[in-house]
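Trainee: Build the complex: two chains, separate frames, hints provided.
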Amino acid sequence: MSTMSKTKVFFLFSAVMRLVEFPFRLFLKCFGMRNVAWFFLAPNLIFFGIFSLLPVILNIAYSLTGGSEILLNDRTYIGADNFSDLLQCEDYMDPNSCKEDLFWRSLSNTTIFVFLQVGMMVGFALITALILNRKIVARGFFRSVFFFPVMLSPVVVALIWKWILQRNGLLNAGIEYFGYEKILWLLERNWAFFWSVFVSVWMHMGFYALIILAGLQAIPKDVYEAARMDAARPFVIFRRITLPLLMPTMTVVMLLALIKGVQTFDEVYALTGGGPGTTTTFIIQYIYETGFAGSPRLLGLAAAVSLLLACALIILTTIQFIVKKRSANG
Amino acid sequence: MAELILKDITKDYGDGDVIKGINLRIPQGEFCVFVGPSGCGKSTLLRMISGLEDVTSGAISLDGKDITKVHAADRGMAMVFQSYALYPHMRVRENLSFALENINTPKDEIIQRVGAAAKMLQIEGILDRKPTTLSGGQRQRVAIGRSVVREPKVFLFDEPLSNLDAELRVQMRDEITRLHKRIGNTMIYVTHDQIEAMTMADRIVVLHDGVIEQSGSPLELYDRPCNIFVAGFIGAPRMNFIEMKVTDVKGDHIHLEHTLFQLRIPAGKHHVSIGQEVTLGVRANHLEISETDNADVIGVIERVENLGAESHVYARLASGEGLTVYKQGYFEAGDKDKIGVKIVHNKLHLFDTDSGGSIFVA
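These protein sequence lines are chains C and H, in that order.
If you use the numbering used here, the first sequence corresponds to residues 13 to 342, in order.
If you use the numbering used here, the second sequence corresponds to residues 3 to 364, in order.
Treat the hints as calculated values from the structure; they're not laboratory data.
The structure displayed is predicted, hence computed values, not measured ones.
Think about it this way: if two alpha-carbon atoms lie no more than 20 Å apart in a straight line, the pair counts; the simulated DMTMM-like pairs of lysine to aspartate or glutamate are:
| id | chain 1 | residue 1 | chain 2 | residue 2 |
| --- | --- | --- | --- | --- |
| 1 | H | 183 | H | 204 |
| 2 | H | 109 | H | 153 |
| 3 | H | 71 | C | 237 |
| 4 | H | 349 | H | 245 |
| 5 | C | 233 | H | 56 |
| 6 | H | 132 | C | 234 |
| 7 | H | 271 | H | 254 |
| 8 | H | 183 | H | 32 |
| 9 | C | 147 | H | 14 |
| 10 | C | 147 | H | 55 |
| 11 | C | 233 | H | 161 |
| 12 | H | 349 | H | 225 |
| 13 | C | 233 | H | 55 |
| 14 | C | 337 | H | 130 |
| 15 | C | 147 | H | 56 |
| 16 | H | 109 | H | 96 |
| 17 | H | 155 | C | 237 |
| 18 | H | 252 | H | 354 |
This is chain H alone, in the form it adopts within the complex (with noise of 0.2 Å):
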């Protein structure tokens, strides 16, 4: 069992909380992605759970037991950093065997281990070069097997792959899940790429500002976001939002009103009431082409992405609001040119336009 727990944690260095009390449990074997904006707090959370950041108040419980003042060392956890920071003046041998030299292992033990690992991980035939003289694919392994090899109860990744390419990216990406599969053990991954946190994690955790602002598998963090901020950063492209006004709540539909459309959709559970100011989310795929004539909306098109095998189209309204449309295929047109779009009724997503919590979900 390797239970983590956050309690009410915080952090404060000195100028307000940077995290402002964090609840969260993780269970044994889970991958969990921390996800989130720049400065939202992931990393601080991650290197507070590593031991490396002190908690300014809360607490962090590995298996029932209260680790918030343990050493880094003596968490049984492992980290990989994204820099790396493997040992430049150590073989690649020595970077792996450095931990297991530091508690004592017996010497048959470690050349065990740190074979077993790079055979895992397939850097046997690099154990005695220097990093210096690595690839970056090959230093993320090592970096990868250095947390290996100390068997830890729980693997901490902060944005592991931000300095590989595209390709590598995909890659270790693929690796590090097939890892987490083989042995199993607790992960948890600090991430800003939502398309790294959809694809690896059995829970996404999104940030913003030092809270948790949802936590849930990819599908319902994507399906049924809690507020604006989530349903922006999960999904790309990124979701739509336009601003409109409840005119009429009649049975089971909700009449909507903009300054250029009104929309009537099916009314399912929600928390509606007429004259309220709401927010419209809709996704780019859930948004279609058509003639103008028979469209929900008309818009002026300011740009498209053809990217191969879909297109992206943004477009911009006459009320200033922008669209992006999902196109399977390639998508022609001018720059300019005026586009139909229909909004497809029943992939709704209504978020109160001052709070930003969802209301309705079709």
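This is chain C alone, in the form it adopts within the complex (with noise of 0.2 Å):
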């Protein structure tokens, strides 16, 4: 290259280079050395603010506020009316003694599946993580097939299982070849309970499952191996060495699963839309349903509903953290 066309590079480059600098040498300018770790967090900052810190605010603001109106500045200051309306009722144990009865049924209805599937999520990922791991026929294939369900989307997923539920799906096809009746998978409280539990389950466990699989083998081979050498039988190995060698994984993989299946609402909502009835509406639809989808809309009212559930979800995350810290130390 000849020394005029370097000449000509070197002032191209520095031309460009000088306007890529400039938002820095500005903010340089205005507010010195002292202050340029803001300019390289500022992006971060405004992304979450906007995105995750200002929707919480607003959040707040809008439990505090009463009406159907959408813009805040609309809307009337009514205190903490909405929690006290939430959570006026004459039996705990009875919803329809409750102000907001259907809060507490999708209440009930959440807990009782969020224990169930929960539960029954960590129990079968944990036993496909303990299979996954050992040296079976194609174990690539199978780990791809368990973690295949978590790529669908969820409304596929649900269409997938209605397919097969529905009155003339694929289940009952085969429940009548051999001659016994129809059952209405989704439409018989329990069944349609049972239903949701399973598919959402199906649908996750492959992800938990994956992450059991990675804490397993985590765990030295020698631990394994020493614990072998002390006549240590296998389930011996698998109550004292595996188990509480994998319980910072498991207390992972449970806080996952609990908030996940709090927010649960997708591929439920495709499946039965919380019927029969309200059997299978849980909290989430019970906000989207009261805020959006419901006339009129009672934007104040699902906001609080949504704060309570935050609340309650801290509240578990730091009582698991201060059980996992304590098993640990213990």
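Mentor: If you want it as structure tokens, here you go:
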């Protein structure tokens, strides 16, 4: 390259750099070197502020207002009335005696759902991971198979299962083939609830199994060999070596499953629509219907429920971490 | 009695034998060290003895009983792992008692045996701590303690000191040797560190490419290595090797010729013939630095390691062979200086260059 063209490239390079560096230079001029960290933090802070912090603040603000207007400015400040309406009950064991009975029903449904779903999810994911961790034939294939549902859209999952479970679906066709009567899987209360849990577990289990599998593989091989030398039989090895060493992973899995379980909405909504009646109406569906789908739109009430839900999750998470820390130090 | 016998042991992982027909008898109470370079099969052999690895063919017997197919836990052996393999979630006390609980030992006996092992290994003060809070040396003691409480017939050590720093390694080496003297059980110890092997073993088994090259007492291996590999592996600095040719065998002397020098060495019992290509083996401490005028061979200094009490002088001959010369005390010399070396004629080894086997020891 000739000296002339080298000079041209150099000038072009510095011109581009000056352009790129302009915001940085401007920031340095205005705020000095001491505050340079803020320059690099700003994009993240702005992003977090707009999409996380601002909605939380707005949510709190909405929960203190009433009416059906959408814009906050048009709404009436009503203090904690939304919360007192939600919590107003003659008998907390009987949702019918509560002012917002659907809230209590969906809360009760969600509690039972989460309890069953997290239990089944963690149990099945653990069993699956333990099997996939063994030297089985076509291990890679099975790992993919179990993970596959995680990649599907919840609505697609629901539609697949609806196709299987509807009145004239695949399952009933099989039942009829063997000479039994059809069962209304999605229209009978207990069956509908069961299938909501089952489909949800089926859909998410692969993800948790993968996390547990990673946890299992992180346990050193020679610890198992030491246990074998120490005359530990397989069940003792599982109970006294694998499970305790897997506990940190299990805590994370339980935590994630719990949060995800509480947030369950789309797959169940597409599968059962919350029915029959309100049997499979969960708390997120209640928030959605109260705030957006119902008429009038009770945005304040919906915001109050979501705040209470967030508080409940924070408390549960904290308890779980405390228990984990105690058992680790124990 | 805990006599261990290995008969025609082989191990094949599917791409050829890694252990190729090992035969070995380890008598009761012997401290036997398996030594060899990485990949020689020493750890595999130990793991087969322990039962953690299956034997492809051959038989292992302990006290005359065939244990080849016996579960690892039922062989009456305990193993100390390279990584210690302590149970990180259990306290030291639980680590020690775990094996005893698994074989339904009465509680009182567990307490007594754990206490005795802890006292012997001086870990009484850390019984209620978890392994993550312990130093390397403490962890090693706990790992040994875990073996001791089981009162096994045979102790197996798989490079147990390789994760420790130099000072601690010397200390633990001494402690394991004392432990062996105290309890007198058979111990099999795997290491690639020949100093550990030389200082701890009653008998060293040198392994190379899945076969036993030589087995014998440390000094036997040092003084009478059966081939070039053993001669090169045992002893530090490494033995020097110079390829020569036998020009004459006259009466009580062997005449050797090299492009740079000739040697006339006193012949005892030998298997040397005229014209044979041989490799002369001579240890660094059997070479003496001398004036170049009356030296057997002259080299150029490449590097000097002054270790304080001794020095290792690394020189190269004009023919390309390297020589390491041991010298007591300091040795001052510049790089590329010429050095005269005299060979102590009654401390030599001759190996057949083709087969590598020993054919003469002075």
